[in-house]
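Based on the hints, put chain E in the right spot on chain D.
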Amino acid sequence: MITLQLLNGLVYGSLLIIMASGLVLIYGLRRVVNFAHGSLYMLGAYIGYSVSAYTNSQWLALLVVCFLMAIIGYLLDKFCFKILQDRDPIATVLVTYGLLLVFEDIVQTIWGKANYSLDAPEILRGSIELSGMPFPIYRLSIIIVGVLVTACLFLWLNKTRIGLFVRAASTDPLTTATQGVNTDWVSGSVVAIGAALAGIAGVVAAPFLSLAPTMGSDILVDSFVVVVIGGLGSFGGAFAAAMIVGQLQTFGAVYAQDVASLLPFLLMLVVLIWKPSGIAGSRV
Amino acid sequence: MSTVLELKELNAHYGDAHILHGINLTIDKGESVGLIGRNGVGKTTVVNAILGVATVRRGEIFISGKKLERIKHYSAARQGVSVVPQGRMIIPNLTIEENLILGSAVQRGGKWNLDEVYALFPILKERSATPGTALSGGQQQMLAIGRALMANPDLLILDEPSEGLAPVIVDQLAEIFVEVKNSGTSVLLIEQNLSLIVRVVGKFNVMAKGLIVDRGVVSGSDVRELHKHIMI
Chain D
78 MITLQLLNGL
88 VYGSLLIIMA
98 SGLVLIYGLR
108 RVVNFAHGSL
118 YMLGAYIGYS
128 VSAYTNSQWL
138 ALLVVCFLMA
148 IIGYLLDKFC
158 FKILQDRDPI
168 ATVLVTYGLL
178 LVFEDIVQTI
188 WGKANYSLDA
198 PEILRGSIEL
208 SGMPFPIYRL
218 SIIIVGVLVT
228 ACLFLWLNKT
238 RIGLFVRAAS
248 TDPLTTATQG
258 VNTDWVSGSV
268 VAIGAALAGI
278 AGVVAAPFLS
288 LAPTMGSDIL
298 VDSFVVVVIG
308 GLGSFGGAFA
318 AAMIVGQLQT
328 FGAVYAQDVA
338 SLLPFLLMLV
348 VLIWKPSGIA
358 GSRV
Chain E
38 MSTVLELKEL
48 NAHYGDAHIL
58 HGINLTIDKG
68 ESVGLIGRNG
78 VGKTTVVNAI
88 LGVATVRRGE
98 IFISGKKLER
108 IKHYSAARQG
118 VSVVPQGRMI
128 IPNLTIEENL
138 ILGSAVQRGG
148 KWNLDEVYAL
158 FPILKERSAT
168 PGTALSGGQQ
178 QMLAIGRALM
188 ANPDLLILDE
198 PSEGLAPVIV
208 DQLAEIFVEV
218 KNSGTSVLLI
228 EQNLSLIVRV
238 VGKFNVMAKG
248 LIVDRGVVSG
258 SDVRELHKHI
268 MI
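Line by line, the protein sequences give chains D and E.
Counting with my numbering, you get residues 78 to 361 for the letters of the first sequence.
Counting with my numbering, you get residues 38 to 269 for the letters of the second sequence.
Keep in mind the hints are simulated off the structure, nothing from the lab.
Please read all numbers here as calculations on a predicted model, not as lab measurements.
Do not take every clue at face value.
[Said to hold, decoys possible] Subject to a maximum C-alpha distance of 27 Å in a straight line, what follows is the list of computed DSSO-like cross-link-like pairs (lysine-lysine): (1) D:K236 - E:K162; (2) D:K155 - E:K109; (3) E:K45 - E:K240; (4) E:K104 - E:K218.
[Said to hold, decoys possible] Derived list of chain E stretches under chain D, where covered just means 3 residues or more per stretch with a C-beta under 8 Å from a C-beta of chain D: (5) 97–111; (6) 133–144.
[What the hints assert, rightly or not] One side only, chain E facing chain D, incomplete, derived with CB under 10 Å: (7) G89; (8) V93; (9) R94; (10) S119; (11) P122; (12) M126; (13) I127; (14) K148; (15) L151; (16) S165; (17) A166; (18) L248; (19) V250.
From the three backbone atoms N, C-alpha and C, an ideal C-beta is built for every residue, glycine too.
Next comes chain D alone, as it looks inside the complex (with noise of 0.2 Å):
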């Protein structure tokens, strides 16, 4: 039992990485705190929804979303997160604020207000014995698929060109710049590789939870809390936080129902008293 709900709450802290680490990255090149991050979940999951439905492949899905979504990510950095880089963060959090709201409603228009969901690809239907138990092949899957991005997206900020400069545009852009790199280019490379990895979040989460236009605010609570615990900016702080908070939102639905929506809340608020900065409290 114990170890089901441990890999319950890694299936859950893989989605939230993915998610979070999509945060992260536009945080650390932009400084925005990019409230849409939920809504492009969101409309990852739905046209997956659509592409799978006509093409019935879950994975030319995932491909076509992936690529929709960082490109809509390049046009937002391009025609918005730009020009908020400067601007005083309460424009930043209305402006990304209300872009939430419209891409609600452009889903709401397009698919309407009804609950959908997507099925497994085939491969990956059915369980498998754990500890005695059945635990289904797709949630596992949602881990490996959390650990490959996670383990990506650290090879590439470590081990590459591109890498090095979006760790050196995160603390220092202009610096960065002087040295012949276009951070605007890096910038919106890597907020069009968010967006793309909120999109794959939305499509590995739709057959696991149901499609519905609320489904990206949910998520984008959590994730933020993911991004404060392990501190804004901070890539392996949130990979910590994300394990932390899907193991106490799973542990707490079983051992305390009556407060678990609140645990991760109550975890966040004993970090900012203790470290304000976060548990890594550093740049990408």
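Just chain E now, with coordinates in the frame of chain D:
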């Protein structure tokens, strides 16, 4: 002789503040030029105008004969001008080696690479995996110079490199600047330390109130002679 940097009637602003009032300056290939003047006369603004940090509202900047249009922060580096900025601006979350690799972002071919920079500054190689900001002030200056050289620039701009450094370190830096100059790289040295100017550059320009008010040749000048120019 070809020109690596030419500033024509350069007028630069920070917001509404008009800082440079028509700077004319030419640096030829292989030449080393000094820019001297008191605090606040606009020396660093000349660099900032080239880097697109200060706004150029009138006048022109030419790098290797090509006019800089719609100046971006990355434009100068891509055309062969590297800057060692005032305050060094080492990226704190990068190691020494990563700071140096950042300098090679423009990927211009030439003499300078990691091995050459490490040969010039062995201490950087010894501590290559430590964060750049863990170094002493003098070592950070070496890192900033190494990072600028990694771009294999045609022109190296040094903005107050001796600031806050012990005289013995400044002596070491002077030797390195001469070595860089002798390797064929043009140098624009912005300094208030006149003994460093005398040792490194061939020509000097004196700035006051956003203008170049005097020019001369350093050869034969001693520090007291230069000091008279600054007092103008």
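Hints and how they fare:
1. D:K236 - E:K162: Status holds; Cα separation ~19 Å.
2. D:K155 - E:K109: Cα-Cα ~16 Å, so holds.
3. E:K45 - E:K240: holds, 18 Å
4. E:K104 - E:K218: Roughly 24 Å separates the two Cα atoms, so the pair holds.
5. 97–111: Satisfied; 3 residues make the cut.
6. 133–144: holds (count 6)
7. G89: holds, 8 Å
8. V93: At about 16 Å, which exceeds the 10 Å cut-off, the nearest Cβ of chain D leaves the hint on E:V93 violated.
9. R94: violated, 20 Å
10. S119: holds, 8 Å
11. P122: holds, 7 Å
12. M126: For E:M126, the interface hint holds, since the closest Cβ of chain D sits about 4 Å away, which is under 10 Å.
13. I127: holds, 8 Å
14. K148: violated, 18 Å
15. L151: Interface hint status for E:L151: violated (13 Å vs cutoff 10 Å).
16. S165: It is violated, given that the least Cβ distance between E:S165 and chain D is near 14 Å, above 10 Å.
17. A166: Not OK, violated: E:A166 not within 10 Å of chain D, min 13 Å.
18. L248: With Cβ-Cβ at 25 Å, over 10 Å, it is violated.
19. V250: E:V250 check fails; min Cβ-Cβ to chain D is 28 Å, beyond 10 Å.
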